[in-house]
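Here's the letter readout for the chains.
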Amino acid sequence: MSAIQPPAETVWWKQPLDKVEGTWIAIALVWSLFMFFMMPFWHVYGKQNLSSEAYKTTPQAYMAKTQAMVDQYTIRTETDAKLPVVRPPPGSDVYLLGRLWQWWPLLELEKGQTYRLHISSMDWQHGFSLQPVNINTQILPGYEMVLTITPDTDGEQTIICNEFCGIGHHNMVGKIYVTEGET
Amino acid sequence: MSNELFRTCPESGLQFHRPAERLMKAHAVVAVVILLLGGIAALLVTLTRWPAVHLLPADRFYQLLTSHGVNMLIFWIISFEIAILYFCSSTLLKCRLATPKLAWVGFGLMLLGIIVNNLAVANGDASVMMTSYVPMPANPNFYLGLILFAVGALIGCFIFLATLVVAKDEKTYEGSIPLVTFGALTACIIAVFTIASGAIVLVPTWLWSLGYINNIDAAMYRIVWWALGHSSQQINVAAHVSVWYAIAAIVFGARPLSEKVSRTAFFLYIAFLQLASAHHLLVDPGLSAEWKIFNTSYAMYLAVLASMVHGLTVPGSIEVAQRAKGYTKGLFQWLQKAPWSNPIFSGMFISLVGFGFLGGISGVVMGTEQINIIIHNTIYVPGHFHATVVIGTTLAFMSLTYFLIPTLFRKQVAFPGIAKLQPYFFGIGMSVFALAMMGAGTLGVERRHWDMAFTNSTLAFEYPASAYTLMGIMGVAGVVAILGGAMYILVTVTSVFFGKPVGSESSYGFTTARVSRADPLIVPEGGHAAAGKWGFAAPGTFLLAIFFLVTFILYYAVNWKYLASVWPLS
Numbered sequence: 001m002s003a004i005q006p007p008a009e010t011v012w013w014k015q016p017l018d019k020v021e022g023t024w025i026a027i028a029l030v031w032s033l034f035m036f037f038m039m040p041f042w043h044v045y046g047k048q049n050l051s052s053e054a055y056k057t058t059p060q061a062y063m064a065k066t067q068a069m070v071d072q073y074t075i076r077t078e079t080d081a082k083l084p085v086v087r088p089p090p091g092s093d094v095y096l097l098g099r100l101w102q103w104w105p106l107l108e109l110e111k112g113q114t115y116r117l118h119i120s121s122m123d124w125q126h127g128f129s130l131q132p133v134n135i136n137t138q139i140l141p142g143y144e145m146v147l148t149i150t151p152d153t154d155g156e157q158t159i160i161c162n163e164f165c166g167i168g169h170h171n172m173v174g175k176i177y178v179t180e181g182e183t
Numbered sequence: 001m002s003n004e005l006f007r008t009c010p011e012s013g014l015q016f017h018r019p020a021e022r023l024m025k026a027h028a029v030v031a032v033v034i035l036l037l038g039g040i041a042a043l044l045v046t047l048t049r050w051p052a053v054h055l056l057p058a059d060r061f062y063q064l065l066t067s068h069g070v071n072m073l074i075f076w077i078i079s080f081e082i083a084i085l086y087f088c089s090s091t092l093l094k095c096r097l098a099t100p101k102l103a104w105v106g107f108g109l110m111l112l113g114i115i116v117n118n119l120a121v122a123n124g125d126a127s128v129m130m131t132s133y134v135p136m137p138a139n140p141n142f143y144l145g146l147i148l149f150a151v152g153a154l155i156g157c158f159i160f161l162a163t164l165v166v167a168k169d170e171k172t173y174e175g176s177i178p179l180v181t182f183g184a185l186t187a188c189i190i191a192v193f194t195i196a197s198g199a200i201v202l203v204p205t206w207l208w209s210l211g212y213i214n215n216i217d218a219a220m221y222r223i224v225w226w227a228l229g230h231s232s233q234q235i236n237v238a239a240h241v242s243v244w245y246a247i248a249a250i251v252f253g254a255r256p257l258s259e260k261v262s263r264t265a266f267f268l269y270i271a272f273l274q275l276a277s278a279h280h281l282l283v284d285p286g287l288s289a290e291w292k293i294f295n296t297s298y299a300m301y302l303a304v305l306a307s308m309v310h311g312l313t314v315p316g317s318i319e320v321a322q323r324a325k326g327y328t329k330g331l332f333q334w335l336q337k338a339p340w341s342n343p344i345f346s347g348m349f350i351s352l353v354g355f356g357f358l359g360g361i362s363g364v365v366m367g368t369e370q371i372n373i374i375i376h377n378t379i380y381v382p383g384h385f386h387a388t389v390v391i392g393t394t395l396a397f398m399s400l401t402y403f404l405i406p407t408l409f410r411k412q413v414a415f416p417g418i419a420k421l422q423p424y425f426f427g428i429g430m431s432v433f434a435l436a437m438m439g440a441g442t443l444g445v446e447r448r449h450w451d452m453a454f455t456n457s458t459l460a461f462e463y464p465a466s467a468y469t470l471m472g473i474m475g476v477a478g479v480v481a482i483l484g485g486a487m488y489i490l491v492t493v494t495s496v497f498f499g500k501p502v503g504s505e506s507s508y509g510f511t512t513a514r515v516s517r518a519d520p521l522i523v524p525e526g527g528h529a530a531a532g533k534w535g536f537a538a539p540g541t542f543l544l545a546i547f548f549l550v551t552f553i554l555y556y557a558v559n560w561k562y563l564a565s566v567w568p569l570s
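Taken in sequence, the protein lines are chains A and B. Residue 1 is where the first sequence starts when you use the working numbering, and the numbers rise one by one after that. Residue 1 is where the second sequence starts when you use the working numbering, and the numbers rise one by one after that.
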């Protein structure tokens, strides 16, 4: 009886397994369990784990915190739009916001130092995608996500948006500059 | 129960309940029309993301990408699946379909939903992608269309379940339901869960778009929406695995290696597959690591295990059937002597291999909690799901169509020469397309993005040249795959609407294919294992499975290594 007909044996569940099935199931199960334990293992021994630290917030409250940081630590502006470049002290709380259609402000961080990077959206959902290092997270309005990051490569990193956010989505670009030590 | 209500297909011996038959035809025809619409959008979207062509303006691109996503992932597949549910209940159980009139109401609602949603997208104010993430607003009819469609599909699910009850009650079969029907039941149960989640998220969103609700929380929306969005793809997995088993039975007369293993694997889908919805939320704010690990692993990868089991037992059952016919030389004579010019088989086999190697491995890798950081929302993601949903599901459904044209529609398959080549164009084109996308995604290229060159942006960014090369390969391969899709539409539409009626099996359209009446399986002396090697009934399949596992392990390891090179995060 084929698979499109009722099983020939009414008591099909007593039919013994073929060796090929039993062997494969055992191998596949071991692999499945290995993959499962790999994730907690990486939490203990790996260095790339997202924290689950996040807070409920509002666009107004988050904007105020970001503005305060920009007022205090702006070191220069870029482009005709006078985008502030902010250089917060190592170890501090850094605020980045996504809005239609920009990442604001631009950041300058020191290589090898650790920062608490807060990210939230002022309007719709955005995708924080740091290139070319390739770190991607989802940014939601009303939620403030905190990533503890340690830039370990210097140079220019670009933040692009990889969650569709309307007609200007493909122009939404920001920057994180990573510098060597004191400048 | 009048006998005139039933028709027996003289070649295949399948028994069709006429009212059910009409419904299957209606659903299948609507599905193919939607596939055509989605295919046209696919061509335009591909030609826009191919950097050297960059065809459409941004607004049209986002509009057509929305249309492509909704039409393909929801309307085409679920419409076809309702036809499959009716086939697996009414036809395979030789039973009347429960309440055909109500089934027509379901059909009407689905069709209405498709029209309402498509008009909203065509109107230009619903270019929000299939996911329609709040608070980005869409024309209310976008959500309404989806809700109407879902209600119609839910009616179809309950009619399937009711038909199982009728068949049991009227004793149209003995013992247990066939394995393929069991798989369809799995798909149906997952569908009910999916549609319920869809209602929970889309009804309030619709009311929000009309102004009756103030605010929908973005995080909550994503959690519930993905219980719709990902689970709907799990309906597909259960459905196309059932189709694989069905085709193995139809073409080879293959019987499951063991009912127990295959059914348990389907049961694991019911119990664990939906947890995969968490894959989409691995880099969302605020979800705990424990929640992510438990869910993204489908509770310890038990649903992945199920797919790995099906991946062995489907070709394994074919191998056993072929060996019983005397193709016992070496490890792979059974595969070599398979009917490669019969699109029912070739499509199914490419579907199986592509789903496992490309879709399965990439899905598990990017669904690993930490690895998701380097993949989330890159074009790797559509690369993955084109391998699962297009190579896996769509190609499996296409293969089944070549069986349904003569048996259900009673028409000869037109242009058999084209039909023979179709699975190769579609399957291989789509495989290269998906691989190129995964490659580009690994380089960080974003999905759902009109301009990877950032031409109009205040700040510049340039991807490496290799990313452009990969996107170019994606474009070329995409066009080949779409050509394969066009071949399918050409063959199907011509056969169904203008085809010659079927006279006998020889007029099915294929010269080499024994389409429906499989030879009876003769058990060789000493049992199946004796026809195999190493005491295995299917040694060739086992070797292929080991090859799959090695590929899986290597690719998994490479991605951890890549992740380890990323900035430390905690």
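Heads up, a few of these hints could be off.
[To be verified] In the DSSO-like style, the derived pairs of lysine-lysine whose C-alpha atoms are separated by at most 30 Å in a straight line are:
| # | chain 1 | residue 1 | chain 2 | residue 2 |
| --- | --- | --- | --- | --- |
| 1 | B | K260 | A | K19 |
| 2 | A | K19 | B | K561 |
| 3 | A | K111 | B | K260 |
| 4 | A | K175 | A | K56 |
| 5 | B | K337 | A | K47 |
Rather than coming from a laboratory, the hints here were simulated on the basis of the structure.
Going through the hints against the structure:
1. Proximity of B:K260 to A:K19 is assessed by CA-CA distance (about 14 Å); at most 30 Å being required, the pair is judged to hold.
2. For the hint pairing A:K19 with B:K561, the CA-to-CA distance comes to about 35 Å; that exceeds 30 Å, so the pair is violated.
3. Of the pairs offered as hints, the one joining A:K111 and B:K260 is violated, with about 58 Å between alpha carbons and a cut-off of 30 Å exceeded.
4. A hinted pair counts as satisfied when its Cα atoms are at most 30 Å apart, and A:K175 with A:K56 qualifies at roughly 25 Å.
5. With a C-alpha separation of about 51 Å, the suggested pairing of B:K337 with A:K47 is violated against the 30 Å cut-off.
Consistency note: the structure conflicts with the earlier hints numbered 2, 3, 5.
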